[in-house]
Each structure stands twice: as C-alpha cells, then as structure tokens.
Amino acid sequence: MELKTPLYDAHVRYGGRIVPFAGYLLPVQYEGVIAEHLAVRQKVGLFDVSHMGEITMKGKGALASLNHLLTNDFTKMPVGKVRYSIMCYEDGGVVDDLLVYKFGEEDYYIVVNASNRHKDFEHMKKNILEDTQIEDISDSVAQVALQGPQAYNVVRKLMKEEDIPMKYYTAKRDVDIAGMNCLISYTGYTGEAGYEIYTANENVEKLWDLLIEAGKEFGLVPCGLGARDTLRLEAGMPLYGHEMDETISPLETGLDFGVKMNKEEFIGKKGIEERGEPKICRVGLAIVDKGVLREHQDVYVGDEKIGHTTSGTFSPLFKTSIAMALIDKKYSALDTIVEVDVRGRRLKAKVVELPFYKRER
Amino acid sequence: MFKNPEELKYTKTHEWVKEEDGLWVVGLTDYAQDALGDIVFVNLPEVGDEVKAGEVFSDVESVKAVSDVYSPVSGVVAEVNEAIVDDPSLVNGDCYGAWMIKVKDVSGTDDLLDAKAYEEVCAQEA
Numbered sequence: 001m002e003l004k005t006p007l008y009d010a011h012v013r014y015g016g017r018i019v020p021f022a023g024y025l026l027p028v029q030y031e032g033v034i035a036e037h038l039a040v041r042q043k044v045g046l047f048d049v050s051h052m053g054e055i056t057m058k059g060k061g062a063l064a065s066l067n068h069l070l071t072n073d074f075t076k077m078p079v080g081k082v083r084y085s086i087m088c089y090e091d092g093g094v095v096d097d098l099l100v101y102k103f104g105e106e107d108y109y110i111v112v113n114a115s116n117r118h119k120d121f122e123h124m125k126k127n128i129l130e131d132t133q134i135e136d137i138s139d140s141v142a143q144v145a146l147q148g149p150q151a152y153n154v155v156r157k158l159m160k161e162e163d164i165p166m167k168y169y170t171a172k173r174d175v176d177i178a179g180m181n182c183l184i185s186y187t188g189y190t191g192e193a194g195y196e197i198y199t200a201n202e203n204v205e206k207l208w209d210l211l212i213e214a215g216k217e218f219g220l221v222p223c224g225l226g227a228r229d230t231l232r233l234e235a236g237m238p239l240y241g242h243e244m245d246e247t248i249s250p251l252e253t254g255l256d257f258g259v260k261m262n263k264e265e266f267i268g269k270k271g272i273e274e275r276g277e278p279k280i281c282r283v284g285l286a287i288v289d290k291g292v293l294r295e296h297q298d299v300y301v302g303d304e305k306i307g308h309t310t311s312g313t314f315s316p317l318f319k320t321s322i323a324m325a326l327i328d329k330k331y332s333a334l335d336t337i338v339e340v341d342v343r344g345r346r347l348k349a350k351v352v353e354l355p356f357y358k359r360e361r
Numbered sequence: 001m002f003k004n005p006e007e008l009k010y011t012k013t014h015e016w017v018k019e020e021d022g023l024w025v026v027g028l029t030d031y032a033q034d035a036l037g038d039i040v041f042v043n044l045p046e047v048g049d050e051v052k053a054g055e056v057f058s059d060v061e062s063v064k065a066v067s068d069v070y071s072p073v074s075g076v077v078a079e080v081n082e083a084i085v086d087d088p089s090l091v092n093g094d095c096y097g098a099w100m101i102k103v104k105d106v107s108g109t110d111d112l113l114d115a116k117a118y119e120e121v122c123a124q125e126a
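From first to last, the protein sequence lines are chains A and B.
Quick note on the working numbering: the first sequence kicks off at 1 and runs consecutively.
Quick note on the working numbering: the second sequence kicks off at 1 and runs consecutively.
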C-alpha cells in the first residue's frame, strides 16, 4: 500500500495525475510533461518532493562518522554549506547518493533517496563511529522544490532577503515563511537555479498554496515527477537505480568529483581501488535516427555489445531523444556513432558531452 | 470525461475506427492520448503493408513511455497520415481528426464496441 505525502490532497485539488512512485502516491504530471518542463527552464515550477528521506547526524563524532561513511571529504566544510556525496559498500558499489547540509560543527542534515531511505539508515546505524547520534526524521518532514529562473522572485515575496541563500549549494535553517519554520537551500535536481524548502508536514499544504499564489505573476506551474525526470536527465544528473546501483562504483559512473580517493579512509575506498581503472564510463547519447531511447536498452558498435542505456527520454528542450549510458570506455570519445537496440530495431545515436543542458549563469 | 463520438466504433485497446468511402480509418481514442500524455513520436507502417485485426501496426512514444497500437481490422494499408509523423502533438490536440492509417480490402475486424460499451471499458480502467 502506497503512502500519501502531506500534499496528496493539494495534488488532487490542482488536477495532478497520481501514480505510485518509490512507495508514495505522487503526481506524474498536471498539465503535461512538456509544458511543465519548459516552465521550469523558462520561468518557474513547483514540485512535491516530500518522499525524499531526511536523516539528522549529531554529536562530537559526527564529522568522523561522515568521513568514514561517505566518499566526499567533510573536514573543511563550512557551516551553511551543502555537499553532494556517495555512500558506498566495502566493495565500492553504491548504497545511495545524497546531500549533506552542515548547520554546526556537530550538526548535520542528510537528504537521501526515498526508495533507499530505510536501507541507508540501517547502513549508517551499523557503521557510525562513537559519539554520533542519527535519527530518521523523514516521516515528519515535507519538502518542496521551487525551480527555475524566476524562483528567486517568488521566494522574495514571501521571505526576508537575508533569509534567502544566495549561493549555489548553501542553506539556511529556522527561517520564517508566513509564520512557518522552514529550512531552505539553493539546490535542486533540474539544472536550473532554485530552492528546496523543508518544513513540518502540517505546514506544507499552506506553503504549497502560498508559493503557487506568489508565483502566478512569474508563470509558476505545479510540476510532476515526469518533468522532474526529463529535467534531471537534460542536466545530466544521475539517479540511483539507473546511473548507479550496488554493482557500480562511483568512478565507473563518472562521479569522481564526489569521491576523495586521497582521503585517509572511507567505506568502499579499498573496494574502489581493487576495481582498478574503470573500464566503463557514463556518456550522453543523442539519437541520430528517428525514435525515442529508453532505459535498459543495449548499446552496440557493430556486433559488439558495449553497454546499456541507464535513462532515456524525449528531451522537451532539444526536441529529440537523449539518453545516458554506461559503455565500454574505448567507445566513449565524443561523436562516436553507436547503435541502440530499441525494441528490436537498431537506432543510431551519437556520443555527446554531459550535461546535455547547462544553464547560463 | 473522455469524448467518444457516437458514430465511431472502438476497441478494448483504445483505438477508434470508422468506415468511410470503402476505407477503414483508424486512430487513437481520447482516453489513449490522455493516458499517454505528450506524444512525441509516431511510427507508422507503409502503404501496401498488411495489418491484422488485434495485432500491432504502430507504436507511439510519449515523453513518458512507448505504447503499441493495435489494428481494429485486417486488410491492406491504403494511406498513412504523414502529418502526425511530422507533428505528433496533433494526436493530443484532436485525436479523432488526426487519424493514423486508412485500410482497404478489409477481410475482418476485431470485436468492435459502440461508444457506450467503450465508455464502460474506459470507466473500468480509470
């Protein structure tokens, strides 16, 4: 039985088409994926991401625990920053990818994927060092994502200027939005500027309505999971279960920037080292023939199977099909022509640079 | 509510069909286009291809997914609607105007439903 997020009634009220996703009933779309996608690229969109998991980590041992559990290095992280990281198993396979917010030397806030939340928490509990307290607070926290070039103008109407995080991957906690206590970060999963706002379950429907109302003059539309997926794909952002899983190391899927191999120790370091230089890598594919690439399709050069697609869709921005694929490194040079088995038909595609889309700053 | 014009016949797999000047015109229903969402690609057979009632003759891609389209009749493709290949969103905009194929030499049909019976199929699936 799927759970409802605290925004379920709002989704129904706004005409969302509800589907089960990661154990929750969430809207896949409202007006349509293309319209919502383009609204986020050109104006601003609002997403319910309350299904995401939130775990707090506190105590004198919190920093050491993070550095032990995660692949990134948190040693010199300033308070108020957000950092992306991978969490690995001993063998270098990926448990999950996540965000770490730092609010104090002994006070961290971790955001994980909905479908991995329980697994992540168990893995953390088993592996934290001494003087570390963790708590899974997901069930009491709701989250919305306000994404798009007009996002700042929307929050500016509802918040004090000094409460708005101004730099990418920074956050502020205990800020006030219409009398509600919120946590806000300059983060997102769309490739656009924007914010993710966390608040208590009982506040979030009011927050949602306020943002919709405040955003009207800027062209804000509510957006579903469909647009969230096409937006993150254009932005070349990986998704657990697609671009990574327990069998793939973060280096094999091109997440080197979140893995500090010069760190003295972390779970998975040895496993990653033992795998040696990655033989596969993550590439972008743009279709050459007519059709749409999807996930889990085999990729060929001639008769040789060189890998598979991990995510694929029709790009509403580029009006053509794009995909990410894990393929043999030998064939990863830009402009290499490959063939993808699309339901028994071999369609030509070209290796292109990731991300497909990068916003102008 | 979905629009299901009285003068058309329907299949359980959400295609519509009508006989017009000896040709059987086939398209996707309102329910189908709505369920698919934004249609971005239509793969049609060629003129002269044979189609069989109840078998796949086309696939339609939306942003979200790919879906097979089944022929309501057996026969030979007489015309294909190139306009929807060039602009697949026409199917979302007017699914009963944006036909897919016209079939000649029809030798048989699938179990076809009238608008009322088809409405019940939609109600059950919704």
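Just to be clear, a hint being listed does not mean it is correct.
[Stated by the list, open to error] A few chain A residues that don't get close to chain B, going by computed Cβ distances all over 12 Å: (1) Gly32; (2) Glu36; (3) Leu225; (4) Gly226.
[Said to hold, decoys possible] A partial selection of chain B residues facing chain A, derived with a Cβ cut-off under 10 Å: (5) Lys12; (6) Thr13; (7) Phe41; (8) Ala65; (9) Asn81; (10) Glu82; (11) Ala83; (12) Val85; (13) Leu90.
Keep in mind the hints are simulated off the structure, nothing from the lab.
From a predicted model like this one, the values you see are computed outputs, not experimental measurements.
Quick reminder that beta carbons are idealized off the backbone N, C-alpha and C, glycines included.
Claimed clearance of chain B by leucine 225/A, with the beta carbon kept past 12 Å: violated, 9 Å
Cut-off 10 Å, beta-carbon criterion: hint that leucine 90/B touches chain A: Leucine 90/B check fails; min Cβ-Cβ to chain A is 14 Å, beyond 10 Å.
Hint check: 10 Å Cβ-Cβ cutoff, threonine 13/B to chain A: violated, 18 Å
Restraint outcome when phenylalanine 41/B is required to lie within 10 Å of chain A by C-beta distance: Hint on phenylalanine 41/B: holds, closest Cβ of chain A at ~5 Å, below 10 Å.
Given as non-interface: glycine 226/A, which should sit over 12 Å from chain B by C-beta: It is violated; glycine 226/A is separated from chain B by about 6 Å at its closest Cβ, not greater than 12 Å.
Alanine 65/B as an interface hint toward chain A, with CB separation required under 10 Å: holds, 8 Å
When the least beta-carbon distance from lysine 12/B to chain A is tested against 10 Å, hint result: Given a least distance of 22 Å, the restraint on lysine 12/B is violated.
Interface exclusion of glutamate 36/A relative to chain B, criterion Cβ beyond 12 Å: violated, 10 Å
Chain A contact restraint for asparagine 81/B - C-beta distance below 10 Å: Interface hint status for asparagine 81/B: violated (16 Å vs cutoff 10 Å).
Hint check: 10 Å Cβ-Cβ cutoff, valine 85/B to chain A: Holds - the Cβ of valine 85/B comes within 10 Å of chain A, reaching about 9 Å at its closest.
Glycine 32/A non-interfacial with respect to chain B [C-beta, more than 12 Å]: Incorrect as stated: the minimum Cβ-Cβ distance to chain B is 5 Å, not above 12 Å.
When the least beta-carbon distance from glutamate 82/B to chain A is tested against 10 Å, hint result: Constraint on glutamate 82/B not satisfied, violated at 13 Å.
Checked against the numbered hints above, the structure violates hints 1, 2, 3, 4, 5, 6, 9, 10, 11, 13; every other hint is satisfied.
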